[in-house]
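A.B. asks: Chain residues, written in single-letter form:
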Amino acid sequence: MNELEKLFNRIVQRVNINLRELNFDVSPFAIELIPPDQMSKFYAFYGITPDHPPDLHFEHSAIAGSYFLGKSRVRNSLLYKSDIRGDELKHKDQTISFKNLTLALTKDEIIDIEDSALIKTLVHNYSHDPETPEKFFIKDTLAMDYSNIHGSPSDGCFLAPYATVDLTTMRDCVIGAYSYIQAGEISHLNVDPGTIWVNSPGKFNFFYKYPLTLLDRYVSLSPDKVPWGILIDFIEERKIEFQRVFDFVNLEAIESIPKTASLDRYAVVLPNIKIADNVLVSQRAYIENSTLGRGANAQENCFIINSHLEAYNVTAHGAKIIEAELGSGTFVGFNSFLCGKKESRLKIGAGCVIMPHTIIDIEQALEIPANQLVWGLVRDKAELAKNSIALEKMASIEPSFSQGEMHFEGNGALFVKAFKERIQHILEVNGAFFADGKNAGHAQKNQKLSLNTIQPFQFGPMEGMYPNIRILP
Amino acid sequence: MEHYLVKDLMVPISEYAVVVVGTPLIEAIRVLEKAQEIYTISKYQHRAILVLDENGHIVGKISQLRALKALEPEFEFNDKIAELQKFKFSEAYIAQLQNKYRSQRKIITESALREAANKKVEEFMQAPSPGEYVSDDCSLDTAILQLTAGPHLSLLVTRDKQIVGILRISDVFAAVFHEMMTLKP
Numbered sequence: 001m002n003e004l005e006k007l008f009n010r011i012v013q014r015v016n017i018n019l020r021e022l023n024f025d026v027s028p029f030a031i032e033l034i035p036p037d038q039m040s041k042f043y044a045f046y047g048i049t050p051d052h053p054p055d056l057h058f059e060h061s062a063i064a065g066s067y068f069l070g071k072s073r074v075r076n077s078l079l080y081k082s083d084i085r086g087d088e089l090k091h092k093d094q095t096i097s098f099k100n101l102t103l104a105l106t107k108d109e110i111i112d113i114e115d116s117a118l119i120k121t122l123v124h125n126y127s128h129d130p131e132t133p134e135k136f137f138i139k140d141t142l143a144m145d146y147s148n149i150h151g152s153p154s155d156g157c158f159l160a161p162y163a164t165v166d167l168t169t170m171r172d173c174v175i176g177a178y179s180y181i182q183a184g185e186i187s188h189l190n191v192d193p194g195t196i197w198v199n200s201p202g203k204f205n206f207f208y209k210y211p212l213t214l215l216d217r218y219v220s221l222s223p224d225k226v227p228w229g230i231l232i233d234f235i236e237e238r239k240i241e242f243q244r245v246f247d248f249v250n251l252e253a254i255e256s257i258p259k260t261a262s263l264d265r266y267a268v269v270l271p272n273i274k275i276a277d278n279v280l281v282s283q284r285a286y287i288e289n290s291t292l293g294r295g296a297n298a299q300e301n302c303f304i305i306n307s308h309l310e311a312y313n314v315t316a317h318g319a320k321i322i323e324a325e326l327g328s329g330t331f332v333g334f335n336s337f338l339c340g341k342k343e344s345r346l347k348i349g350a351g352c353v354i355m356p357h358t359i360i361d362i363e364q365a366l367e368i369p370a371n372q373l374v375w376g377l378v379r380d381k382a383e384l385a386k387n388s389i390a391l392e393k394m395a396s397i398e399p400s401f402s403q404g405e406m407h408f409e410g411n412g413a414l415f416v417k418a419f420k421e422r423i424q425h426i427l428e429v430n431g432a433f434f435a436d437g438k439n440a441g442h443a444q445k446n447q448k449l450s451l452n453t454i455q456p457f458q459f460g461p462m463e464g465m466y467p468n469i470r471i472l473p
Numbered sequence: 474m475e476h477y478l479v480k481d482l483m484v485p486i487s488e489y490a491v492v493v494v495g496t497p498l499i500e501a502i503r504v505l506e507k508a509q510e511i512y513t514i515s516k517y518q519h520r521a522i523l524v525l526d527e528n529g530h531i532v533g534k535i536s537q538l539r540a541l542k543a544l545e546p547e548f549e550f551n552d553k554i555a556e557l558q559k560f561k562f563s564e565a566y567i568a569q570l571q572n573k574y575r576s577q578r579k580i581i582t583e584s585a586l587r588e589a590a591n592k593k594v595e596e597f598m599q600a601p602s603p604g605e606y607v608s609d610d611c612s613l614d615t616a617i618l619q620l621t622a623g624p625h626l627s628l629l630v631t632r633d634k635q636i637v638g639i640l641r642i643s644d645v646f647a648a649v650f651h652e653m654m655t656l657k658p
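Chains as they are written, first to last, in this note's numbering: chain W, 1 to 473; chain P, 474 to 658.
One chain only, chain P, in its complex shape:
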C-alpha cells in the first residue's frame, strides 16, 4: 500500500464526464449520466463534470453542489448578505436573514428549472485552485494529506503540466480502508 502512487488510483480523463464552455446545464448532466453508464470499473459513480476551454484545457469543475447552486435564483439579497458579513453580523443572524429572504422565493418551479437548465456551465462551474493539483507520480500519502487539508472531493492529476486524470476521494477511501480490513489482528 505504501508504494501506491496517484496514477494507480486515478480515473483517466478519457473516462470522465467532460464538456466545453458554453454547454447548458441540462446537456452537461446528460453527459454525466452517459459517463456513469459506461464507467463500470468501480462501484463509485462519477459525481462531477470537467469543463474544457476551446483549447482543451480544464478551466472548471461542476460538482453536484455546484449544479444545485445553479438552480438557486439570482437572489437580489446576496449582496446585502455579503455586506452584513463584512460589517461583522454573526453567522446566526445571517442564517436567520437568509431563511427569511429565501422563504420569499421558491426554487422548484417550472420556470426556475427551465431557466437553470439553460444556464451555461461557465456561469456556475468552480475554477481549479492551486491546492487542487497533484502529480501522477506522487505517493498516496501526499494525496491523502492534500485531500484532508483542503475542501476538495477530488484532485486534478497532472503529468508534464497536462491534466491526465482525476483522483477521487471515494477511490482513495476504498483503497485505504480495504487495506485496513486486510490487516492481521
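Same shape as in the complex, but just chain W:
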C-alpha cells in the first residue's frame, strides 16, 4: 500500500469513528471513489491576486486538480478536483456581529482542512459561525462528487453526491444525495436523500423531500458503485470540453468580452455566446450558445446551454440551465437542474426564486410567471402548481402552510426577505452593479488574477502525493 492509499484509508476510518453513533459506514461508498492513478495525473493550481494574497500550506496531502484562493491550510487530506475559494475570508481587526454581540478578529480567517477527503467539492468560505470567526474548519469529513460546503464548517461528516450544506456548522452528520441544508447548526443528524431544509430558528422553517423513487432517476448512490443518474451523466458527457481548458497553459482570449466582465480561463465557453457588462463567469462553469445579460453571473460548476439570461441573474454553484429563457433578476439556486427541450422551452419570469436543488425537467413548453418561488420536482404544469407559490403570497404566510410535500412554518415575509437580501449580496460581491469605477466585485477584480500550478510526485511510494509546500505572498 502506498502513501496515498494509506492516507485515504486513514481518512475513511476517521470519518467512520465520527459517524459511529449514526451507525453509518462510509467505507462502501469510498471504495470506488478515487482511482489512485488519477491522483498523479492532474496538477493543482492557485490564484495570485492583490485582493486575496496567497497564504497556502500543504502538508502530507494529495490535491490533484484542485484550486486554491486566499488563505488555506491542507493537512493529511485528499482533495480531488475541488475548489477551495477563500475570496470572502474575514480579515484581522474586522468585526463581526451576532445578535447583540460584536467581535473583532485577532487574525486573518483561514480555511483549515484536516484529515478529510473532498471529491469534486466546492468549498466557499462565506462563513457565518460566530464561534469560529478566524477558522473555517473542515475535518474528518468525506464529501463526494459535486457537493457544496458553503460557509459551513464541518467536523466528522459525510456528504453524498450533489449534497449542499449552506451557512450551517455541522458535526457528525450524514447528508444524503441531492439534499440541501441551511440550518445554522446541526449535529448527529442523518439526512435522507433529496431533503430540502431551510431553517432559521424563531423565524421560519421550510421543508420539502423528493419522492425517492423519482429522485433516483436524477442521482443515485449505493454502496460499491460510483454514483449514477441523469445529473451524473450530464456532466460526464461534457467532461471532454473541460480537458481542453485544463490541458493548455495559455488559451486564446475571447475578444468579445466587455472590460467590466470576467470570464475565467478555466471556464468552458462554446459558440455562440454573448456576454454583457459586469458578467461573471467562474471557473469550471460551462457556457454554450447562450446570452448572459448585464450583471448576470455563472458560478462554479454551473452549466448554461442554449439559454438566454436577461440581466442580474444569479446561477448558483452547480446549477444547470438548458433551453431556457430567464427574465431579469431570476435566481437559480445551488445544483438546480432546469432542463427545457429544443422544441419545448422553459420560460421563467423576472424576479423568480428557484430554490436550491430544484429540478424542472419538462417535455412540454412551460412558462413560470414572474416573482414566483419554485421548489422540488416540476415536470409539468400540474407539478408547477403544487411546487410553487407567488412570492407575494409567500410573504403573507404566518404561522404555517403546507402545499404538496412542502411544509412551512414561521414568518413568510422574513423567508422572502432572507432570500432577496442574499441574492442582492451575491450580485453586489460579484460586481453586477459596477458603474463609473464604483461597486467593483469579483467580475472586475478577477481580471487581476493569475494562476500558478503545482505538481505531485510522479513516481515511487509517494506517487500522487504532493510535497509539503508553503506559499506566501
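Since the hints were derived computationally from the structure, they do not count as laboratory data.
Heads up, some of the hints might be wrong.
[Unchecked claim] Here are the in silico distance ranges between beta carbons for each label pair: (1) Thr213(W) with Lys559(P): 20 to 28 Å; (2) Pro497(P) with Asp233(W): 50 to 58 Å; (3) Met654(P) with Glu131(W): 35 to 43 Å; (4) Ser563(P) with Ala418(W): 17 to 25 Å; (5) Ser612(P) with Ala418(W): 57 to 65 Å.
[Claimed, not checked] From chain W, some residues computed to sit far from chain P (all C-beta separations above 10 Å): (6) Glu21; (7) Lys90; (8) Lys209; (9) Ala350; (10) Ala390; (11) Gln444; (12) Pro461.
[Said to hold, decoys possible] Pairs of lysine-lysine residues, derived as DSS-like cross-links and limited to a Cα-Cα distance of at most 27 Å, are as follows: (13) Lys92(W) with Lys417(W); (14) Lys559(P) with Lys417(W); (15) Lys553(P) with Lys203(W); (16) Lys386(W) with Lys347(W); (17) Lys507(P) with Lys386(W).
Keep in mind it's a predicted model, so treat the numbers as computed, not measured.
Glycine included, C-beta positions come from ideal geometry on N, C-alpha and C.
Dock chain P against the given chain W, drawing on the hints supplied.
C.D. replies: Chain P in isolation, oriented as in the chain W frame:
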C-alpha cells in the same frame, strides 16, 4: 406506614391478567375481564395485561392506552410526522397536521375493529424499561419516588430476579391517602 414495604401492597402475579405472546387483542381483553371479575380484594380494578414469552418471562405490558393505540390504523403519515419533528417543526404544527391527516381516516368502523381484534399482543405491547422494576423488600418511599419520577402507572415487583407481582399506583395512592386521613388534627 413508614415501615410498609412494596410486598405489602403489591398484587401477586397469580392474581393478574396474563397472556402469552401470539394472543390476539380480543382474547387478551377477555382475560382482563375475567381477572377483574375474580379480583375482589381491592375496589380498584386491574387495568393492564402482562405478556409472557414461551419461557414464562414477562416481556411486555398492555395498558388501556396501548390497547386503544392498537385500534389506530397504521397511518402512513406517521413516518412523515416523525420526520417533521426531527426537522424542528413545532408541537403546534405537528398537532395541526396530525388532526388534518387523522380526519381523513376513521377509527371506529367495523373493518378497523375486526382488524384490531386480531392484532397480536406483541405488536402493541410496551416492553418493560429499566426504571419499571422495584424489589419487593423496597420501602414504599422508594417506590413512590420511582412512580412519580417516571411515566409508569405500575411497577414490576421482583424477588431474586423473578417478577412476583405488580405494584399499582392506585393501591399506593389509596394506602398513602388513607394514612393521611387518619392523622390527628
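A.B. asks: I want to verify a distance hint. Is the separation of the beta carbons of Ser563(P) and Ala418(W) within 17 to 25 Å?
C.D. replies: With Cβ atoms ~19 Å apart, the hint holds.
A.B. asks: Is the distance from the Cβ of Met654(P) to the Cβ of Glu131(W) consistent with 35 to 43 Å?
C.D. replies: With a Cβ separation near 58 Å, Met654(P) and Glu131(W) fall outside 35 to 43 Å, so the hint is violated.
A.B. asks: Taking the beta carbons of Pro497(P) and Asp233(W), is their distance inside 50 to 58 Å?
C.D. replies: Holds, since Pro497(P) and Asp233(W) (Cβ atoms, about 53 Å apart) stay within the stated range.
A.B. asks: In terms of Cβ atoms, is chain P entirely out of 10 Å range of Ala350(W)?
C.D. replies: Given that every Cβ of chain P is farther than 10 Å from that of Ala350(W), nearest at about 32 Å, it holds.
A.B. asks: Does the claim that Lys90(W) lies off the interface hold, with its Cβ farther than 10 Å from every Cβ of chain P?
C.D. replies: The claim holds: Lys90(W) sits with its nearest Cβ about 28 Å from chain P, beyond 10 Å.
A.B. asks: Hey, Lys92(W) versus Lys417(W), does the alpha-carbon distance stay inside 27 Å?
C.D. replies: This hinted pair is violated, its Cα atoms lying about 30 Å apart.
A.B. asks: With d taken as the least Cβ-Cβ distance between Glu21(W) and chain P, does d exceed 10 Å?
C.D. replies: Non-interface label on Glu21(W) holds, nearest chain P Cβ at 15 Å vs cutoff 10 Å.
A.B. asks: Please check whether the beta-carbon of Pro461(W) is more than 10 Å away from every beta-carbon in chain P.
C.D. replies: holds (46 Å)
A.B. asks: Find the nearest Cβ of chain P to the Cβ of Ala390(W) and say whether that gap is larger than 10 Å.
C.D. replies: Correct as stated: the minimum Cβ-Cβ distance to chain P is 22 Å, above 10 Å.
A.B. asks: Please verify whether Lys559(P) and Lys417(W) have alpha carbons no more than 27 Å apart.
C.D. replies: Measuring from Cα to Cα gives roughly 26 Å; hence the hint holds.
A.B. asks: Run the distance test for Lys507(P) versus Lys386(W): straight-line Cα separation, threshold 27 Å.
C.D. replies: Violated, at roughly 55 Å.
A.B. asks: Please verify that the nearest CB of chain P lies beyond 10 Å from Lys209(W)'s CB.
C.D. replies: Per Cβ check, Lys209(W) is inside 10 Å of chain P; nearest 7 Å; violated.
The structure does not agree with the numbered hints 3, 8, 13 and 17 stated previously, though it agrees with the rest.
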